[in-house]
Structures are given as structure tokens and as C-alpha cells.
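Asker: My request is simple: use the sequences and hints to build the entire structure.
Below are the chains, spelled out letter by letter.
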Amino acid sequence: MKHLVEAFTELIRRASTDLPRDVCERIRRGYEEEKPGSNARAALEIILRNIEDARSTSAPICQDTGTNTWYVGVPERTPTEPIRKAIARATVAATKRCYLRPNTMDPVTGVNSGDNLGIGHPVIHFRTRNRPGIQADLLLKGGGCENVSAQYSLPDERLGAGRNLAGVRAVVLHAIHRAQGRGCAPGIVGIAIGGDRAQGLAAAKEQLLRLMPDVNTDHVLGEMENDVVAAANRLGIGPMGFGGRTTLLGAKATRLHRLPASFFVSVAYMCWACRRASVTIAGKRNIRFSQIAESARRYHR
Amino acid sequence: MARREMRTPTDEATVRALRVGDEVAVTGTIITARDTAHKYMVDMRPAFLRPILQGAAIYHCGPIMRKERKGWSVVAAGPTTSAREEPYQADVIQRYRVRVVIGKGGMGPKTLDACRRHGAVYLHAVGGAAVTLAGYVKKVTDVLKLEEFGAPEAFWILEVEGFPTVVTMDAHGGSLHAEVEARSHMALDRLLGRS
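These protein sequence lines map, in sequence, to chains A and B. The opening residue of the first sequence carries number 1 in this note's numbering; numbering runs sequentially from there. The opening residue of the second sequence carries number 1001 in this note's numbering; numbering runs sequentially from there.
No lab work stands behind these hints: they were computed from the structure. For every residue, glycine included, the Cβ atom is placed at its ideal position computed from N, Cα and C. Watch out, some of these pointers could steer you wrong.
[Stated by the list, open to error] Just so you have them, the derived chain B footprint on chain A, three or more residues with Cβ under 8 Å:
hint: 1; region: 41 to 55
hint: 2; region: 59 to 67
hint: 3; region: 271 to 284
[Unchecked claim] Label-pair restraints from in silico Cβ distances:
hint: 4; chain 1: A; residue 1: R97; chain 2: B; residue 2: A1013; range: 42 to 48 Å
hint: 5; chain 1: B; residue 1: R1050; chain 2: A; residue 2: E25; range: 46 to 52 Å
hint: 6; chain 1: B; residue 1: R1095; chain 2: A; residue 2: P155; range: 46 to 52 Å
hint: 7; chain 1: B; residue 1: A1047; chain 2: A; residue 2: R163; range: 56 to 62 Å
hint: 8; chain 1: B; residue 1: R1007; chain 2: A; residue 2: P36; range: 26 to 32 Å
hint: 9; chain 1: A; residue 1: E33; chain 2: B; residue 2: H1172; range: 30 to 36 Å
hint: 10; chain 1: B; residue 1: R1183; chain 2: A; residue 2: H125; range: 37 to 43 Å
Answerer: And the structure:
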């Protein structure tokens, strides 16, 4: 138990303070593309400095340390309750050490639990894996960008979006436009086509675990991912909504079967601080941290 | 676009001299206030805040603070989304003579109108840049309503030096947010073949 708590606490520290290299790379590329002297470039410069400052001082990249969503892979027949407990203890420890802000509030009483535990928190999704050891991917997603995430039901007459890929593209770009800078652009979008409402938003969020250079091997979805990024960057919203070329760092899409009556498109908008970290625990002395999520791999379809 | 320095608290003439796009480095006192604080300022109209907020800079921020042996230190303090304070901000600007609002994402027409009428500006800080921005805080002077509101929602009174911002809403009715919104809307229509 103790080694699990320690490993999970360290995972939270890494997720909160060390932005994955693939995301940094995209931000740096955006910085180089913005005009010297522009508000956009100045904003990206501060963002790049902040990423370094957070990493070197081991402080949270953003004070909103977000909803903590855990994707945990375990071998079959592994009891999950001890893992839940270890995650809860790690969450409390990480809050005490200021890697997490006390961030869970009772919506009825308005009381902050103070330790990031609460009804439904942290979020934990279990899956089985056919290899030994526990593998966990952690995603921290703040409230500003969660507030601009969106779900559409096609056809959407107001937006002229039908039940086809052109309709999907239209509503995804609409969501990015509607967000302006409020989701802390430049952002990343996870897209789920189909499913029911609950499935769609969960799958869209899980897409955010994928690495930036990862293009879907499904030809149609892969093309859509590239097209959405190119189109969004022609909107001119720019970093923080200051105007500029860098509006979207990446788009990751998946699909789920739908009912004949429903056609949902779910868009999970993530801020530039796409905080994720992964760990594999195969024994007390065999703990490996990584910036590559395992649970994202099954989403190439 | 110009680079400027500003000392807070400040006066009407100083904020009226600023224009959308100006980069402003703020030095002086800033006071954090977010959702609970704004509702409180409007509903309860506390008199003790009047001298504190006269000419002041309000910062939409729920920081991560660390309790030290003596006082507090700031761990992370980036801006939070300002749009949530839109129902309250105009009232707060008028009632308390607040001159500067610092946040992210911009605000709506009611606040823009209050900035124009009463002489105030909206300064945009870089969202998510919590550690770098915390580095500009030189001192935590005081905290109000800590017990009642909790750490993220309390009024933290901070001394900053050279805190970097951009004017995105000025005292002349100019709003970078409205401009970018309109321009990007045209771009969206073109991308979707609607124009």
C-alpha cells in the first residue's frame, strides 16, 4: 500500500508541475510563428517561461489543478478497492504539499472539502490490461476550459450542421470559436462522434491523453484531426484570445456507435496546460514514470 | 501599442491614458477577488472595503497559498475566468471606485460600459502562467475573509512589482475581445462556406 501511495503522490506532482514535452513543443512552435512584438507572442513567451519555472521549482503550472481523472489499468481479478484507497491517500498528501489546490466544493452547501476528496472525486476509471503490474494515466483539467467544452446534437439547423462529417467539422469549429480565449487558448480538443451524451463527453476527454504528433490511423478521423487544427488556426483567435495564428495545438478524434435517433458530437476543450502523466507499477522496486499514456492507445479507430 | 508602467492604487487620468493592446507592468497593491467575493461586495456592501478598494486593482484569482511560520507565501497565482463576474463587476467599479480589473478571458458589455463611464480598465494576465506570475508577488500584506470564504475565494492583499498584463478593455469603449470575436466570426463563416 505504502509504495502505491508514494508512487501516486509522485504521479500527481509530475502531472501538476511538469508539462509533457510534446505539448511544450507545440507551444514553442506557436511562439515562433507569432509576429515579434505582438500581444500573442508576449503571451506565449510568458507561458513558456511559466512551464520552465513550474518544472524547476516543482510548483503547479496552473493554480487551478482541475478535476483529477485517473485511468487505471490492472491485470484481471486485481482487487480495485486498495488502489482507490491509495489514490485517495495520495490525493490528500499531494494537496498538503501544495501540488494540488483544495478544489472540490459541495454544490449544495458551498463547503470546500479542503483535501480534494469528495462525492465523485477523484474520478477513477478502471480497465483490465493483459500485462503484469498496475498502470495509471492521470489527467488534470481545470475549470476554465471545462466550462467551454460542449456537446451538440445533429442536425443543428442554426449552425447548418447535418448528420455527416461536414456537420461534425462545423460544430467542432463552432465550439472553438465560441470558446474564444476563455478556455486558455491555444487549446487542444478531444472529439467524440456518436455514443450517448455521457459516453461522448467521457470519450472526448480521454482523447486528451494522446500525444500531440499522434494522428489517428483511421484515415477519415486522422484527416479530420489535421483539418480541424488547420482550420481553427485560421480563425485568428490566438493565444488568450489576443488575436494571432496559434489558436489550437492539436485535435484528437474518436467515434462510438450511436442510436439511430441520436447523433451527438462531444468536444472536450483543454487549455494549453494539458497536464498528464503516467506510471507503471510492477513491484515495490519496479516503478516507472512516463509521459506516454497507455489507455490512449486503444483509441485508434 | 505601447509598453507602460502603472502604480496601483491609481487615478482616473492614468487609466484613461491606456488603450487596447498596451502592455502594462503593474507595481503596487492588488487585491484578489473572485466569485464569492464579488457576490459579497454587491449583496452585503461592506463599508470596511471602501478605503481598501478606492482606486484599487482587483485581481480575479484563486491562488495556492502556503502557510509559513510567519505569514503566507504565494505558490501559484494565475488569473481565473473573468466572465463569471460580469453580473457584479460594473456595480463594484461604480460603488467602490475600483480603477483596474485584472483577469483573463475578458468581460461583457456591462463592464465595458462601466469602464467607459467611471474610468476603469481591464488588464488581461496570461491564463495558466501561475508560477511565473506568482514570482511578481513581492509580499502578502494581508488576507480578509479567509475563514469564511476559504483560501481560493478570500481577499488576498498582495504587493506586486512589474506584474505583466495587456489592456484588452479600455476606458474609451475599446475591447480587444469584441474585435477578435467579430473578426473570427467572419473567418468561421468563410471556413464553413456561409459567406
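Asker: Would you mind marking each hint as holding or not holding in the structure?
Answerer: Here's how the hints hold up against the structure:
Here the region 41 to 55 of chain A counts 8 residues with a CB under 8 Å from a CB of chain B, which clears the bar of 3, and the coverage holds. Residues of the region 59 to 67 of chain A lying with their CB closer than 8 Å to a CB of chain B number 7, which satisfies the three-residue condition for coverage. With 3 residues bearing a CB less than 8 Å from a CB of chain B, the region 271 to 284 of chain A meets the requirement of three and the coverage assertion stands. Checked against the hint of 42 to 48 Å, the C-beta distance between A/R97 and B/A1013 comes to roughly 46 Å, which is consistent with it.
For B/R1050 and A/E25, the Cβ-Cβ distance of about 50 Å falls inside the hinted range of 46 to 52 Å, so the restraint holds. Separation of B/R1095 from A/P155 is about 47 Å and conforms to the stated range, judged on CB atoms against 46 to 52 Å. Take B/A1047 and A/R163: their Cβ atoms lie about 59 Å apart, and the range 56 to 62 Å holds. A hinted range of 26 to 32 Å for the beta carbons of B/R1007 and A/P36 is consistent with their spacing of about 28 Å.
The supplied range of 30 to 36 Å is met by A/E33 and B/H1172, whose beta-carbon atoms lie about 31 Å from each other. Separation of B/R1183 from A/H125 is about 40 Å and conforms to the stated range, judged on CB atoms against 37 to 43 Å.
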